[in-house]
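Just so you know, the protein sequences line up as chains A and B, in that order. The first sequence maps to residues 1 to 258 in my numbering. The second sequence maps to residues 1 to 258 in my numbering.
Keep in mind the hints are simulated off the structure, nothing from the lab. Keep in mind the model is a prediction, meaning the values are calculated, not measured. Among the hints, a few may not be true.
[To be verified] Here are the simulated lysine-lysine pairs, BS3-like style, with alpha carbons at most 30 Å apart:
hint, chain 1, residue 1, chain 2, residue 2
1, A, 75, B, 150
2, A, 70, B, 150
3, A, 70, B, 96
4, B, 125, A, 150
5, B, 118, A, 150
6, A, 252, A, 96
7, A, 150, B, 252
8, A, 230, A, 96
9, B, 252, A, 125
10, A, 96, A, 125
11, B, 125, B, 230
12, B, 150, A, 125
13, B, 125, A, 75
14, A, 96, A, 118
15, B, 70, B, 96
16, B, 70, B, 150
17, A, 75, A, 125
18, B, 75, A, 75
19, A, 118, B, 252
20, B, 230, A, 252
21, B, 75, A, 252
22, B, 252, B, 118
23, B, 75, A, 230
24, A, 118, A, 252
25, A, 252, B, 125
26, B, 118, A, 252
27, B, 150, B, 75
28, B, 230, A, 150
29, B, 75, B, 96
30, B, 230, A, 230
31, B, 125, A, 230
32, A, 230, B, 70
33, A, 230, A, 252
34, B, 96, A, 125
35, A, 96, B, 150
36, B, 118, A, 70
[What the hints assert, rightly or not] Listed next, with one range per pair, are the computed distances between beta-carbon atoms:
hint, chain 1, residue 1, chain 2, residue 2, range
37, A, 158, B, 178, 31 to 39 Å
38, A, 80, B, 153, 46 to 54 Å
39, A, 95, B, 80, 22 to 30 Å
40, A, 118, B, 200, 47 to 55 Å
Ideal Cβ positions, reconstructed from N, Cα and C, are used throughout, including at glycine.
Number of protein chains: 2
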Amino acid sequence: MTSSAKKPQARAAKPAKVMKKTTKPTAEKSETSKPAARQPAAKKTAAQKTPSAGKTVVKKTAAKATERAKLIESKIAFDGPLFRIYRDHIVEPGGKAAWRDVIRHNGSVVILAVDYGKGKGKDRKDPWIVIERQYRHAAGQYLWELPAGKLDAGEDPLHGAQRELAEETGYAAHHWSRLVYYYPSPGFLGEGMYIFLAEGLIPGDAHPEDDEQIDFRLVRLSELLERIEKGSIIDGKTLVGALLFARAVGVKPRKKHH
Amino acid sequence: MTSSAKKPQARAAKPAKVMKKTTKPTAEKSETSKPAARQPAAKKTAAQKTPSAGKTVVKKTAAKATERAKLIESKIAFDGPLFRIYRDHIVEPGGKAAWRDVIRHNGSVVILAVDYGKGKGKDRKDPWIVIERQYRHAAGQYLWELPAGKLDAGEDPLHGAQRELAEETGYAAHHWSRLVYYYPSPGFLGEGMYIFLAEGLIPGDAHPEDDEQIDFRLVRLSELLERIEKGSIIDGKTLVGALLFARAVGVKPRKKHH
Chain A
1 MTSSAKKPQA
11 RAAKPAKVMK
21 KTTKPTAEKS
31 ETSKPAARQP
41 AAKKTAAQKT
51 PSAGKTVVKK
61 TAAKATERAK
71 LIESKIAFDG
81 PLFRIYRDHI
91 VEPGGKAAWR
101 DVIRHNGSVV
111 ILAVDYGKGK
121 GKDRKDPWIV
131 IERQYRHAAG
141 QYLWELPAGK
151 LDAGEDPLHG
161 AQRELAEETG
171 YAAHHWSRLV
181 YYYPSPGFLG
191 EGMYIFLAEG
201 LIPGDAHPED
211 DEQIDFRLVR
221 LSELLERIEK
231 GSIIDGKTLV
241 GALLFARAVG
251 VKPRKKHH
Chain B
1 MTSSAKKPQA
11 RAAKPAKVMK
21 KTTKPTAEKS
31 ETSKPAARQP
41 AAKKTAAQKT
51 PSAGKTVVKK
61 TAAKATERAK
71 LIESKIAFDG
81 PLFRIYRDHI
91 VEPGGKAAWR
101 DVIRHNGSVV
111 ILAVDYGKGK
121 GKDRKDPWIV
131 IERQYRHAAG
141 QYLWELPAGK
151 LDAGEDPLHG
161 AQRELAEETG
171 YAAHHWSRLV
181 YYYPSPGFLG
191 EGMYIFLAEG
201 LIPGDAHPED
211 DEQIDFRLVR
221 LSELLERIEK
231 GSIIDGKTLV
241 GALLFARAVG
251 VKPRKKHH
C-alpha cells in the first residue's frame, strides 16, 4: 500500500517541477520588491527582514522547497470506490515527524469548453462556455459547474478530459490545451485537478454514467463572470477556470465594487 | 450521527440562499442570451433548445434548484481529527436514489490579508498580500498559499479567520469583509471555504499550532498574479482569492498569452 500511497505523489511530480523552476525567481523578486518603507505594517514583522520570513525552519525549508517527506508508515484507514484514506506517519523535509490522514484520489479533469461562434472582436473575448448543473450531496444543493470527472487509474489526463466532456455533454473539441493543475484542498486532500481549455466545440451525443443526471447549457463568459461576482457560482474549479481564462483572454474587470 | 451529518449542510445554507436569489435571473438570462444562430456548435445540441438543457430530468431539477436530498441512511465510515466520512443513502430531489461517500469537515477559513501601504494610485491596485509556505503531505511538496485554517465546531467564520491570521502570521486587520464562500471539491468533499478580505494589517506575534511550521512573507498582488499565470501557485484557495480580488480592485489582465 506504500506503493499506492506513492502513486498520487508521482502525479504531483509535474507541478513539483514547476515549483522548482519558480523557487529562485521568487526569492530574487522578494529581495527586489522589499521596500518595507512603503509597507509600514510589514516594517515591524520578520516578513521583510529576509525574503523567506518568520519561523526558525525557514532557511532549512527554503533550501529544500522541492524535497519530499519521508514516509515511515502508511495504513489504509478507509477504502471506497472514489477515494482512499491513508493514515501516514511521515518526517517532513524540515525534519518534523507527524501523522497525517490524507485522502488519495486518482485526480480530476475539468473542461473549460469554449466556442467563439462565428463572431470576431467582442466574441473573441466573450465566447460561449459549457456549464452543467447537478445535485451535489456534499454541498447539499444543485451546483453549476464546469464539466469534470475523475481520472481512471493511470489514465492520461487529456484523454480523461476528452472522455468526460464527451460523456457528459456529447461535445468534442478542435483544440485542447492545459490551463492549470492545482490542489483544491491540499491540507488533507491529495486530489489534483487538471483544467483543460477545449476550444471549437463539435456537438455529439452525450452518454452520462448511470449515476449522473446532468443538465448542461452554454453561457457567455461575461454572464459566467457576472454570476461569479454575484456569489452564485460556488464550485471551486469553476471559479479557478473561469477567472484564469478571463485573464488569459484579456477580459477587463468591471468597475471596482468593494 | 444523522444530526452531525446535517451540521455541515446547515453551514451550506448561506450559499444556498445565494443560489435561490440567482436561480431566476439565470433562467431569464439564458432565454435572452439564446441566439443559437451565433453559436453554430450549439445549434445541433439540446443545449440551446431550452434554457435548461440536455437530460430528461432537467425540468424536474430546474424546478427544485434549492431542494435538498432526502437522507435515508447515514453511517460513519471513518472518523478522524480533521474530518469524518459518512456513507449516505440518499434520494436526490430529482427522485434518484444513490449511495454517496461524503467527507464532512467543519469548513475552512482563508484570509486574503492585504495592505495598501502609504501609497495611493498604483498601490491601491497593487497592495501587499500575505502568503505562507508550508509542507503539504497531500500534495507531496511545499506550497505557497493564503493563510487558512479549519473552523472549530460551530465557530463563527469571521472569528475563525481572525484567529487563524493571528496564529499563523501575528497580524490583525483594521477591516474585514467576506470575499466568497465556495466548495473546493463538491463531488465528495463537504468542506466549504470562506475567503475573507482583511485590509490594513496590524503586526503582532505569531503563535502557530504545534504541528504547523509556517514561513510567511508579503508579496505584491502583481507578483502573485504573475506567479499564478506561470503556474507556480497551485493551491486552489489562493487561486480563487487572488483572482477574485484582482477583478474586484480592477487589475487589468496583461496581454493575451494563450
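Verification of the supplied hints:
no., hint, verdict
1, 75/A x 150/B, "holds (24 Å)"
2, 70/A x 150/B, "holds (25 Å)"
3, 70/A x 96/B, "violated (44 Å)"
4, 125/B x 150/A, "violated (38 Å)"
5, 118/B x 150/A, "violated (47 Å)"
6, 252/A x 96/A, "violated (45 Å)"
7, 150/A x 252/B, "violated (34 Å)"
8, 230/A x 96/A, "violated (43 Å)"
9, 252/B x 125/A, "holds (14 Å)"
10, 96/A x 125/A, "violated (48 Å)"
11, 125/B x 230/B, "holds (20 Å)"
12, 150/B x 125/A, "violated (38 Å)"
13, 125/B x 75/A, "violated (48 Å)"
14, 96/A x 118/A, "violated (57 Å)"
15, 70/B x 96/B, "holds (10 Å)"
16, 70/B x 150/B, "holds (28 Å)"
17, 75/A x 125/A, "violated (49 Å)"
18, 75/B x 75/A, "holds (21 Å)"
19, 118/A x 252/B, "holds (26 Å)"
20, 230/B x 252/A, "holds (20 Å)"
21, 75/B x 252/A, "violated (48 Å)"
22, 252/B x 118/B, "holds (22 Å)"
23, 75/B x 230/A, "violated (36 Å)"
24, 118/A x 252/A, "holds (22 Å)"
25, 252/A x 125/B, "holds (14 Å)"
26, 118/B x 252/A, "holds (26 Å)"
27, 150/B x 75/B, "holds (23 Å)"
28, 230/B x 150/A, "holds (25 Å)"
29, 75/B x 96/B, "holds (20 Å)"
30, 230/B x 230/A, "holds (28 Å)"
31, 125/B x 230/A, "holds (21 Å)"
32, 230/A x 70/B, "holds (29 Å)"
33, 230/A x 252/A, "holds (17 Å)"
34, 96/B x 125/A, "violated (39 Å)"
35, 96/A x 150/B, "holds (21 Å)"
36, 118/B x 70/A, "violated (45 Å)"
37, 158/A x 178/B: 31 to 39 Å, "holds (37 Å)"
38, 80/A x 153/B: 46 to 54 Å, "violated (24 Å)"
39, 95/A x 80/B: 22 to 30 Å, "holds (24 Å)"
40, 118/A x 200/B: 47 to 55 Å, "holds (49 Å)"
In summary, the structure is inconsistent with hints 3, 4, 5, 6, 7, 8, 10, 12, 13, 14, 17, 21, 23, 34, 36, 38 from the numbered list given earlier, while agreeing with the others.
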